[in-house]
Structures are given as C-alpha cells and as structure tokens.
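So the chains spell out like this:
2 protein chains.
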Amino acid sequence: MRDATKDPASALAALRRVRRLLITSHASPDGDAIGSELALAEVAAQLGVEATIVNRDPHPANLDFLPGIERIAVSDRLPPVEEVQLVAVLECPGLDRPGFEGLERWPILNIDHHLSNEQYGAVNYLDEEAPAVGEMVLRLAEAAGVALTPTMATNLYVALVTDTGDFRYSNATPRAFQAAAQLVAAGAVPHRIAEALWEQVPARLVRLQALVLATLQLEAGGRLATITCDAGMLAQAGAFPQYTENLVNVPRAIAGVRVAAFFKAFSPGSVKVSLRSRGDIDVQAVARAFGGGGHPNAAGCTVQGTLGEVQARLRQALLPLVEVS
Amino acid sequence: MRDATKDPASALAALRRVRRLLITSHASPDGDAIGSELALAEVAAQLGVEATIVNRDPHPANLDFLPGIERIAVSDRLPPVEEVQLVAVLECPGLDRPGFEGLERWPILNIDHHLSNEQYGAVNYLDEEAPAVGEMVLRLAEAAGVALTPTMATNLYVALVTDTGDFRYSNATPRAFQAAAQLVAAGAVPHRIAEALWEQVPARLVRLQALVLATLQLEAGGRLATITCDAGMLAQAGAFPQYTENLVNVPRAIAGVRVAAFFKAFSPGSVKVSLRSRGDIDVQAVARAFGGGGHPNAAGCTVQGTLGEVQARLRQALLPLVEVS
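Residue numbers (the numbering used here), protein chains in the order written: chain A, -8 to 316; chain B, -8 to 316.
It should be emphasised that the hints constitute simulated quantities derived from the structure, not laboratory data. On a predicted model such as this, the values are computed, not experimentally measured, just so you know. Built from N, CA and C at the ideal position, the CB exists for glycine as well. One or more of the hints may lead you astray.
Here are some chain B residues pointing at chain A (derived, C-beta under 8 Å) [stated by the list, open to error]:
#: 1; residue: Ile60
#: 2; residue: Ala64
#: 3; residue: Arg159
#: 4; residue: Val175
#: 5; residue: Ala176
#: 6; residue: His182
#: 7; residue: Trp189
#: 8; residue: Gln191
#: 9; residue: Pro193
#: 10; residue: Leu204
#: 11; residue: Leu207
#: 12; residue: Glu210
#: 13; residue: Ala246
Here are the computed distance ranges between Cβ atoms for each label pair [claimed, not checked]:
#: 14; chain 1: A; residue 1: Glu314; chain 2: B; residue 2: Glu92; range: 49 to 57 Å
#: 15; chain 1: A; residue 1: Leu310; chain 2: B; residue 2: Glu61; range: 31 to 39 Å
#: 16; chain 1: B; residue 1: Gln295; chain 2: A; residue 2: Asp55; range: 40 to 48 Å
#: 17; chain 1: A; residue 1: Gly299; chain 2: B; residue 2: Val315; range: 47 to 55 Å
Beyond 12 Å from chain B on every Cβ pair, some chain A residues (computed) [stated by the list, open to error]:
#: 18; residue: Arg10
#: 19; residue: Gln76
#: 20; residue: Asp87
#: 21; residue: Arg130
#: 22; residue: Ala134
#: 23; residue: Arg159
#: 24; residue: Glu186
#: 25; residue: Ala226
#: 26; residue: Gln233
#: 27; residue: Arg279
#: 28; residue: Ala280
#: 29; residue: Thr293
#: 30; residue: Leu298
#: 31; residue: Gly299
#: 32; residue: Gln302
#: 33; residue: Leu310
Chain A extracted, bound-state conformation (with noise of 0.2 Å):
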C-alpha cells in the first residue's frame, strides 16, 4: 500500500514521466468509467502522452453519442508490455475490478473516489468526496493547465450526470453543481446529452415496461411491492433481459413503499431477485442470506426453485423488514 492524496499533483506527476498510457476501468462500464476514460485520454493527449483506452466489456447503447467512444477497444487481451508504461485504472475500488489478467505488470495510477479503494497503485489520486471520478478528472486537466475543450467537457459532464443520478443523489454537492457550471460554460449542453442519454428508449422496453409493471402486487399495507418478469413476457414484448435494469425503480418509488422486490423467471429453475429499500431498511442481509449481495438499499441475489417458490420464500423473509413495530 503508498500513499493516498486528494490531490491531482501526483496524479500529473505520474502522467508527465511517460510517452505511453493505457485506460481503463470496471467490468460493465458505466457512464463516468466511459467519460472519465475519453476525458482523460483527451487530457494526456495534450500532455503528448500517447493513450489506449481498454475496457473487457462494451458501453451501455446510451453512450454511443459521446465523443471518442470509437476509440476505446473492447477485448480481454491487453496491449504488449513494452507498449505501454503507465496504467490508468479508473473508478475501481480493486484491482479485480476491470476484469484483466496482469495488469500488475504494469506502474498503477489508481483514480478513484470509492470510500472502500485498497490503495493498489504506485500513485493513488483518491477522493471519497468527489462526485464522479469525472470530477477528478476535470481537477487533474485544470491542475495541468490543459484547454478544456468541448469534447472533454460533454465527456465529463455525463460522467457527473450518470454518476449523480441527474443530481438526484446524495453525491449533487455543490462541488458536483460548481463541476456542472464549468462544464456547461465550456461546451456541454445539458439538453442535447440528456436527450441523447435518456431519451433515444427502445419501443420493446416500453412494451416491457407495461407488462411488468401490470403485474404490480402490494403487501403488508402497502410497504412492501414487489414486481415480475418471466421469459413469457420478454418474447412478448421482444425485449432483452438487460431491459429489465432500473425497472425496480419504479415499485421502489411509490408512496408508502419500504421495500420492493423484483422477480426474473427468465431461466427455468432459477429467479433472479432484484431488491431495493429505503430508510434504514437493509435488503443486503436479506440477499446474503440467499448467496446474494449488495448494498442495505440496493441488493440482488439468484435464488434456485421455481417462480412461486421463490417468490413464497423471499416474501417470508422480507416482510419481517417492513413490519411496523
């Protein structure tokens, strides 16, 4: 383990002794992994340090529109030693978390902002508070005297807008709101990445969309809600099982609601079980007791029987949670 600093100096020091840099971040790449890998390729660029950007798994459809996403390559093989002499990893709290073998080959510029980050780099920029490693980013090209051009700014300005839920989460600082004011005053046009972001829905999750939510059931007064998909329903609507993600946002966000489960039938013998809570209601001990995991207000688990066995079994578990004492 080194040293941690919430301050990019280092971050830039580790930038300026190399010629050759390559990016990466988590497996399932998510819209600050993806704008804070092309943000900062854009940044070393300037510094005329020659970047790879290198992910094991592709983007969401939503990010096609950002700049340079053709840029970044999909594969499970890294690049050869001698071509590369730094590795920027980004957003990982672990090593483990791009999905690559033998990334410790390489000297490790560890940019993260997870409170839980194991300090794996040679240089480790870490900040808990930021908003978005996006966020770091903007302080590593400002600290570097770097143009913030368009570009960068569209890129970084959808890593704090996915990362903050549309400034709906508890990350919508003023820091994150003041990183938003530069951006926009840089190039970023709220509207047209929000259009470009939310807005470009398939019909067939929109069919999707009808179906599950027709299957809305209320229980314990209301406090509990739970959800349903099987792969009847996917064939229906000609939807894909990944249609289904943020769907239990939904149940999660009707009045009354402590706790709200959503069951995936799309494999037989086997119901994939999304939970989410709110409050101080915990669904991880709950998911763990299944060979699940998560977080206390956003946990899953894969359960094996049948629908309505599984269905039976997590409602006993999770009605306890919701009783009022």
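We have chain A; now place chain B onto it with these hints.
Leaving out everything else, chain B in the frame of chain A:
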C-alpha cells in the same frame, strides 16, 4: 409600459418602501411559482415587510413538503385594498395569469423570466436568461444582504430543479448550476428534495401507466407513436384524470419517434389530445386546426367525436408531419 431591468435593485427598493406585501403567481401554480413565493415572503420578512401569499389554485400534492407551504392561502378573494401596499406577481407574462380580478388596484412588482412579459408592473424585474424565477429571487436576496436560510434555500432549489426539469432542459445554464451550488451550500438537500418531489408516486398511477403504455402503437415506420386512455382504464386503476399528465413523454422518448399523441377519452363524445414533437416538427399548427393551441413542440386540443373518429382524424393530420421527404 414601464422600463424593465435585470437588476434586482429596483425590486429591492420597491420592497423597502412598503410594510405590507401581497404575493401571488399564476393559476395552477408549479414548483417555480410556489418555491419563489415562499422564499420571497422570507426575504420580505427579513426586511421587516409582512407578506401574505394568495393563489387562486392549490399547489400540486408533491409540493406539500415545502417549508412554509401552510401559509399560502388558496382563494379567489383578495385582501381588502388597505391591507396591501404592493403586489409581487411572480412568473406571469401577463396580469391575467394569476386569475384574479382587481390586482391593478395596487402597485405591481412584476418578477418574471418569460420572453413575452408585458411589463405590466410599476417595477419590472425581468430576466429572460434566468433559469427560473427562483434564481431571480436568490439574486434579490443577495442584493438585500439577507441571510440565506435553509428553508429559503430549499424553496428556491425546488423552484430551480422543477423549472429546469432536473437540469435536463435548455435552461440548465452555468447560471442555473451556480445557483444550485449556492443553494445546496446554504442547506438545500438535493436527494431529500428529489425523493419528496418524485418518489411519492401513488400506486394507482403505476397501475394506470401499465394500462396506458400497453396501448402503445407505432406508425409511419416508428416516427408517430400514440397511446390512449379511456374512462374504463381510469376506473380499473382507481386513478384520476390528472394522473395522465406527463405520460405522453414516454412515447415521445422512444428512439425514432418524431411525434407522440396521447388520446384521453374521459367523457362520452369528446377526446382530449396531447401532442409532443421533437426537433423542428410543429404540432401547434395541428392543435390549432382542431381548436387548441400550445407551443411548437407541445400542444393540445379537445376534439368532439368518438375515440375511433378522433384518432382517425388526428392521424390524418399528423402523418404528413412525420413523412420523410
């Protein structure tokens, strides 16, 4: 017509000249109207001015949590002439918008950000570049040197976040983000406000969404999307007509859709139609042809006839708009 100014100084001077202020805003008040009224009343109180707030219509239920909301009177009767020395009219392009007779008996302080404002005030504090009237009240509070309390910050943040659509509209300018940074630093808590505004959804609304979204139809190669709601669906979901507000934005956000139409057949022989378009397609002209109106990208009309008849007539009118030349 009097001169208008973007500088809050003349508005502040007008407030300082009086002891008893009446505050009002437009009929069917929204977050910017209500949040700005409550914050202005607090600013006035700190200047030693006693403010009364009267609106013609009640506020939306999701604004119930606003600090001080209980002090807003809903009435079509204004106070006796002698009890008021000045009326602050917020977010109203014309003096007809509040829906009261007789406002012109008093001197008017006109505070608005609409381009089309008619400058009907004795003092006109107008700024079409302001992201929300709430931001203008914030500038006024700064000019007055009054303390920015957490309750004021909460009300003004609600004004800002509702008028910018969670910072997704074109008025999400650097100025909007700078105001947000300031308000959050002063005690507004974005994630609690978001939860209060958007995560107290009635279960009946979710049930209605499932029914309405199941009616989705795509035509013209996916460029025209329609959804429908009738009285039977309202009854089945146990829902009210106002629960259908904003639902038309779901088909509008489908990839490839240029025009979305929502047919609401709530009473026999007449259908309410909401129209939304993207880009430079003008649905206002169609709405006007059917006796309605609105804006180029958001318009509506009420058409006599059965649901089937009205759908057929509107399709005839809308299909040419989405034809690819």
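The hints, checked one at a time:
1. Hint status for Ile60 of chain B: violated, given a least beta-carbon distance of 17 Å to chain A, over 8 Å.
2. Because the beta carbon of Ala64 of chain B sits about 26 Å from the nearest beta carbon in chain A, more than 8 Å, this interface hint is broken.
3. Checking Arg159 of chain B against chain A: minimum C-beta separation of about 4 Å stays under 8 Å; hint holds.
4. The restraint placing Val175 of chain B at the interface with chain A holds, with a minimum CB-CB distance near 5 Å, inside the 8 Å limit.
5. A cut of 8 Å between beta carbons decides the hint on Ala176 of chain B: the least distance to chain A is about 4 Å, and the hint holds.
6. The interface hint given for His182 of chain B is met, as the beta carbon of that residue sits about 4 Å from the closest beta carbon of chain A, less than 8 Å.
7. Among the interface hints, the one on Trp189 of chain B holds; its C-beta lies about 7 Å from the nearest C-beta in chain A, closer than the 8 Å criterion.
8. Annotation: Gln191 of chain B was flagged as interfacial toward chain A, and the flag holds, the nearest CB pair being 4 Å apart, inside 8 Å.
9. At its closest, the beta carbon of Pro193 of chain B sits 6 Å from a beta carbon of chain A; the interface hint therefore holds under the 8 Å criterion.
10. Taking 8 Å as the C-beta contact cut-off toward chain A, the hint placing Leu204 of chain B at the interface holds, the least distance being around 4 Å.
11. Because the beta carbon of Leu207 of chain B sits about 6 Å from the nearest beta carbon in chain A, less than 8 Å, this interface hint is met.
12. For Glu210 of chain B, the shortest C-beta to C-beta distance to chain A is roughly 12 Å, which exceeds 8 Å, and the interface hint is violated.
13. Taking 8 Å as the C-beta cut-off, the interface hint given for Ala246 of chain B holds, the closest approach to chain A being about 4 Å.
14. A hinted range of 49 to 57 Å for the beta carbons of Glu314 of chain A and Glu92 of chain B is consistent with their spacing of about 54 Å.
15. Between Leu310 of chain A and Glu61 of chain B the Cβ separation comes to about 36 Å, which falls inside the hinted range of 31 to 39 Å.
16. Under the hint 40 to 48 Å, the C-beta atoms of Gln295 of chain B and Asp55 of chain A, about 45 Å apart, fit the expected range.
17. For Gly299 of chain A and Val315 of chain B, the hinted distance range of 47 to 55 Å is satisfied, since their beta carbons lie about 49 Å from each other.
18. No Cβ of chain B approaches the Cβ of Arg10 of chain A within 12 Å, the least distance being about 36 Å, so the stated non-interface status holds.
19. At roughly 37 Å from the closest C-beta of chain B, the C-beta of Gln76 of chain A stays outside 12 Å, upholding its exclusion from the interface.
20. No beta-carbon of chain B is positioned within 12 Å of the beta-carbon of Asp87 of chain A; the least distance is around 30 Å.
21. Residue-level check passed: Arg130 of chain A sits 16 Å from the nearest beta carbon of chain B, beyond 12 Å.
22. With 12 Å as the threshold on Cβ separation, the claim that Ala134 of chain A sits away from chain B holds: the shortest Cβ distance comes to roughly 21 Å.
23. A Cβ of chain B approaches the Cβ of Arg159 of chain A within 12 Å, the least distance being about 4 Å, so the stated non-interface status is violated.
24. A beta-carbon of chain B is positioned within 12 Å of the beta-carbon of Glu186 of chain A; the least distance is around 8 Å.
25. Separation of Ala226 of chain A from chain B is adequate, the least Cβ-Cβ distance of about 16 Å exceeding the 12 Å criterion.
26. The claim that Gln233 of chain A lies off the interface holds: its Cβ sits roughly 15 Å from the closest Cβ of chain B, which is beyond the 12 Å cut-off.
27. Listed as a non-interface residue, Arg279 of chain A keeps its Cβ farther than 12 Å from every Cβ of chain B; the least gap is roughly 26 Å.
28. Ala280 of chain A, annotated as away from the interface, keeps every beta carbon of chain B farther than 12 Å; the closest lies near 27 Å.
29. Its beta-carbon lying about 26 Å from the closest one in chain B, Thr293 of chain A satisfies the requirement of being farther than 12 Å from that chain.
30. At roughly 19 Å, the least C-beta separation between Leu298 of chain A and chain B is larger than 12 Å, which holds for a residue marked as non-interface.
31. With a least beta-carbon separation of about 21 Å from chain B, Gly299 of chain A lies farther than 12 Å from that chain, consistent with its non-interface assignment.
32. Distance to chain B confirms Gln302 of chain A as a non-interface residue, since its nearest Cβ pair spans about 19 Å, more than 12 Å.
33. At roughly 18 Å, the least C-beta separation between Leu310 of chain A and chain B is larger than 12 Å, which holds for a residue marked as non-interface.
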